[in-house]
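Asks: As a plain string of letters, each chain reads:
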Amino acid sequence: MISLAGKSIYPSFIDLHTTYGIPKQERSRGGSPFGGAEQIEPTTKGAYNANDAIKSHYHASTEFNVDAKSAGTFREAGFGTVATFREDGLARGTAALVTLGENTANEEVIIPRVAAEYSFNRGSTTQSYPRSMMGYASLLRQTFLDAAWFGSLKEKPFTDQALEAWIEQQSLPQIFDAGSWINVLRADKMGDEFGVQYILKGGGNEYQRIQEIRATGAALIIPLNFPEAYDVENPLDAERVSYDDMLHWELAPANLATLSNQGITLAITTDGLKTPKDMMSNLKKAISAGMSKEEALRALTLTPARLMHAEHLVGSLKPGMLANFIITNGDIFAEKSVIYENWVQGLPYRLKEMSESNHSGKYALVVGGMTYELNIEGEPGSNKAKIKLDDTTSVDVNAKWEKDLVNYTFKPAKGTDQIRLSGWKTPNGWQGTGQIVDGSWVNWTATRTGDIDVNEAKKEDEKQAEKANLGQVIYPFVAYGTPTMSKAKKY
Amino acid sequence: MLENGKIVRIGKNLPVSAEEIIDGTGKHLTAGIIDEHTHIAGGGNDVLANSSMVRISDQLNSEDINIYRGLVGGVTAAQVLHGSANPIGGQSAIIKLRWGAAPDQLKINGADEFIKFALGENVKRSGNDASIRFPQSRMGVEQIYVDAFTNAREYEKTWKKYNSLSAAEKGKADKPRKDLVHETMLEILNKKRFITCHSYVQSEINMLMKVAEDFGFNINTFTHILEGYKVADKMREHGAAASSFSDWWNYKWEVRYAIPYNAAILHREGVLTAINSDDANMGRRLNQEAAKSIKYGGLSEEEALKLVTLNPAKMLHLDDRMGSIKTGKDADVVLWTDHPLSVYAKAEKTIVDGIVYFDIDDDQQRRLDLQKDRARLIQKMIGDKKAGRPTQPAASRQQMLIHCESVLGEENHEMH
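Taken in sequence, the protein lines are chains A and B. Residue numbering for the first sequence follows this note's numbering, beginning at 1 and increasing consecutively. Residue numbering for the second sequence follows this note's numbering, beginning at 1 and increasing consecutively.
Honestly, the hints are just simulated from the structure, not real lab data. Beta carbons are placed, not taken as given, at the ideal position from N, Cα and C, and that holds for glycine. Do not take every clue at face value.
What the simulated footprint calls covered on chain A by chain B, stretch by stretch (three residues with Cβ under 8 Å from a Cβ of chain B suffice, anywhere in the stretch; the number is not a length) [said to hold, decoys possible]:
| hint | segment |
| --- | --- |
| 1 | 37 to 48 |
| 2 | 227 to 236 |
| 3 | 311 to 319 |
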């Protein structure tokens, strides 16, 4: 039995757009088909499609391997389950739904073919066609038609295992990696032509055409890839950055809020982040930009589970489901949230010591008749202690906490020798004995007097001011666009 | 008088019931300029010798600054074309320059469908010694067309045969494969899609007209058509229009015989003639390009203006809706500060569908607003850096300007 008093449990998170455990795909070295010999025919060995960008016969579950290191970074960010696929081709085959434990692939793969994946990125093929967005659209469109035709034939005049796989996969959830609002609209339109409602992976800029995005009616998988600020101190350097890039930098964190305010079904992905560990800090930015915490949690748990038809396995905490959950210090989206443990299929992965006590606070430290102001700051497990000498100066305290025992060493003034204290926990601090600078033994006490001052109120003000001062979305989203379109008048 | 996106009345001292009166005293009003041949807002090129299945409308880009720049030059409509690396290029998109509208709202509803063809060096991949793609000669180019149309007719027969089967017979038979290449070629044969063909050299122009005549249709437009003056009579007989450059020449070997009198000669021979841009920058001053035909060839001012208004409208089969100022036509008009064929003329207001998309005063205001908002964002970014947050180097993201000679090595690098 583990006591979790004061702690919170959440279902662990689900990321629908990863390549976790899948061998890295070489990018095409084909270069320009206009600069070298064109490659008209496919090179894939075996009886597959006439175009190498159609790779529906690929199944992530056939190549997936547990990658302990990568799983660890996902778990650290709170994830327990991911959909993983190979990022290669316009039709990419199927994704597998896997949990992020370190057992064998047999145990971690929970749905081997969970969704069919598509994109507007031809990937590793060296075949010359297609090379443009319209080429990608045309090839996909022709493949839709070919699949319908091939499937209807009583006698197949030839074998095409890619086409057969495409046909088989139509019953799965269909995920389209669009990557930007404009491609989201393009992919959705293509789906409409053939009666497919894609789940669309966006690019983080969907707020730039929110009405059209909403009109797709699609569920979206949205990244948190907020751009970093440009280094624009040099005015000539700054000229190199376009206005829309600057404005996107400012507005990107509000993308999720804009989407969720429209009632769009959302799942969140770590795709585009340097590491999944950056997810939470960016998601908190999205929350302070207006996304509700409830919606954020749903987009990480229940919604992705439902989109993958896996809500009976993961995404919430109910009897009979996989024991995939995280233990936190409280509200997972609070500013100082901590994930202590991430359990995957009933096995605990410990991230931070739960029993770690938080010593943070202000203490009155009395050592042999002298009183010092001891301030302990920071997070449990990484608390830092300082002695405040006056309003502007303080000295670091070398502090060691070990369960109920404590060690403090510090210089009471600049240039003096150390005071060394040893003690034990009391209901309201510590007490003990130690040696002062001249070597004499003294008793000491530290009594908690209050919390460390944080300028929370001020921060809140700043946040409000920042919000009020945001730029406006313009149409089109480039310089000389306008927030509102002019209308026809009677002239 | 403009109302609901249409020109409703023309005259002096019309009864005042307008929401706004634009004072045009001392200024010139013309129909909006129509660019028969551009690659802004989503042009591009795919690879196959017959790329008739690809559609520019699949990659229209509403966020291209060149739409706005076009408006600045008085352009209100344009045909966005596929590149010229293929004897049979992709399906074009005819758009209005509705700055700010979503991609799908750029296309002109109900406009006829067109397709780009190309002749000459580009389609043989002459610039690429390593190329192995058929065709490698001008004879091969002809063969591509003959093959494509012949196959399309065969394809049509196969479908007709299948469609003539009774329901019971259909149940037993296998359906033919639907092929988007053949479908498109068939649209051309059945006069549901029209060709605008990149062309320079007279022999090939004659060749393509002959191929078309053999298959029972006409080439709608020869675009560029720099040797058009040599075959103007034949083009008139065939019924082909000409959409040319004013005075571009000698930018490659096959255009060494281009002359600036081309447009005037074609026009005088009775060929429907237009001046196009092909290029985002030239697209901003088509009025001046048209004016050159007054200098070279002595066209009247009215004839010259029509080269970029009514004539391209006719070529695109849109002259019932645009191309001139006429009651009932679309309210696509430009108010110029000076005579529109003068180099001093600036568009003061460019109106599309009765909406002012460009206004020269508003433009000045936008520049100030932009400068201010950039300054605000720069300060905010510097604040971020000072607060110790990570930054990225200030890098430019140059947009590639596409024209007919452009063949994109990689995927189109899109901004969004």
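Asks: Confirm or reject each hint.
Replies: Checked hints:
{"no.": "1", "hint": "37 to 48", "in the structure": "holds (count 3)"}
{"no.": "2", "hint": "227 to 236", "in the structure": "holds (count 8)"}
{"no.": "3", "hint": "311 to 319", "in the structure": "violated (count 0)"}
Taken one by one, the earlier hints fail for this structure only at number 3.
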